[in-house]
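For what it's worth, full-length UniProt numbering labels the leading residue of the sequence shown as 1, then goes sequentially.
Do not rely on the hints blindly, as some may be mistaken.
Below, computed lysine-lysine pairings styled on DSS-like, alpha-carbon distance capped at 25 Å [as the list claims (entries may be wrong)]:
1) K6 with K60
2) K57 with K6
3) K131 with K176
4) K60 with K182
5) K138 with K20
6) K183 with K6
7) K182 with K131
8) K183 with K57
9) K182 with K6
10) K183 with K131
11) K182 with K138
12) K57 with K182
13) K20 with K57
14) K176 with K57
15) K176 with K20
16) K131 with K6
17) K183 with K138
18) K182 with K20
19) K138 with K176
20) K60 with K20
21) K60 with K183
Here are the in silico distance ranges between beta carbons for each label pair [unchecked claim]:
22) N109 with S74: 17 to 23 Å
23) N125 with Q85: 15 to 21 Å
24) P75 with N128: 21 to 27 Å
25) N146 with N56: 30 to 36 Å
26) K176 with P75: 37 to 43 Å
27) N88 with M67: 16 to 22 Å
28) Q87 with T134: 14 to 20 Å
It should be emphasised that the hints constitute simulated quantities derived from the structure, not laboratory data. C-beta atoms are modelled at their ideal positions from N, C-alpha and C, and glycine is treated no differently.
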Amino acid sequence: MASTRKNPIQFVSLISRTDKPLYIQSFIPELDQDHPKEHNSDEQQHQSVQSTSTINKFLKFNFFSHMALDIFSSPTSLSLREQQQQQNPNGVLLLFIQDQVIVYGYESNNGLKIIVGMDQSVTINQDNLYKFITSVYKLYLRVVCNPFRNFGLINGQQDKQDNENENEEDLLNSPKFDQGVKKLVDDFV
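Please take these sequences and the hints and turn them into a complete structure.
This is the structure we're talking about:
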């Protein structure tokens, strides 16, 4: 029997210490699952609307990720962190609420920022959210610290820092990392 409970996670993004987006992914169910396909002309129009809706949601979550970065980098975020540390010592911060999305953020010791957008209508257990964020962080570390990955060697010489950053971004946009995050999202609740 399938669960009828809606998964509250709407998006997950990982941002490097240099504020470069490494991974942004939406986890809202597709419109296709709710509406069966009818006629060919209607099907094309439905796909066009669906792709526009998907693009708009991706842009919205991309914008939310950048808003979260602004909060992380602002001087007032220190007082925000101090206030929330007293209530919640695990480091997960409630950054803002916008368009029925509660945006939480976590900054690791190495400067990686993990941003998670949750549905505002669902009550979230903070411990489960912390476990989810640490699981995403562990998945990130497993992918980036994999000793068998290709380090971007060209003619036997290692690329410069820019190419290494591109390589890290490529690793996080790989199907393996994406499937790992999707599994964590599906297991959340």
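Each hint, compared with the structure:
no., hint, result
1, K6 with K60, "holds (20 Å)"
2, K57 with K6, "holds (18 Å)"
3, K131 with K176, "holds (20 Å)"
4, K60 with K182, "holds (19 Å)"
5, K138 with K20, "holds (19 Å)"
6, K183 with K6, "holds (15 Å)"
7, K182 with K131, "holds (15 Å)"
8, K183 with K57, "holds (21 Å)"
9, K182 with K6, "holds (15 Å)"
10, K183 with K131, "holds (14 Å)"
11, K182 with K138, "holds (14 Å)"
12, K57 with K182, "holds (17 Å)"
13, K20 with K57, "holds (20 Å)"
14, K176 with K57, "holds (23 Å)"
15, K176 with K20, "holds (21 Å)"
16, K131 with K6, "holds (19 Å)"
17, K183 with K138, "holds (14 Å)"
18, K182 with K20, "holds (21 Å)"
19, K138 with K176, "holds (14 Å)"
20, K60 with K20, "holds (17 Å)"
21, K60 with K183, "holds (23 Å)"
22, N109 with S74: 17 to 23 Å, "holds (20 Å)"
23, N125 with Q85: 15 to 21 Å, "holds (19 Å)"
24, P75 with N128: 21 to 27 Å, "violated (31 Å)"
25, N146 with N56: 30 to 36 Å, "holds (35 Å)"
26, K176 with P75: 37 to 43 Å, "holds (39 Å)"
27, N88 with M67: 16 to 22 Å, "holds (20 Å)"
28, Q87 with T134: 14 to 20 Å, "holds (19 Å)"
When held up to the earlier numbered hints, the structure conflicts with hint 24 and nothing else.
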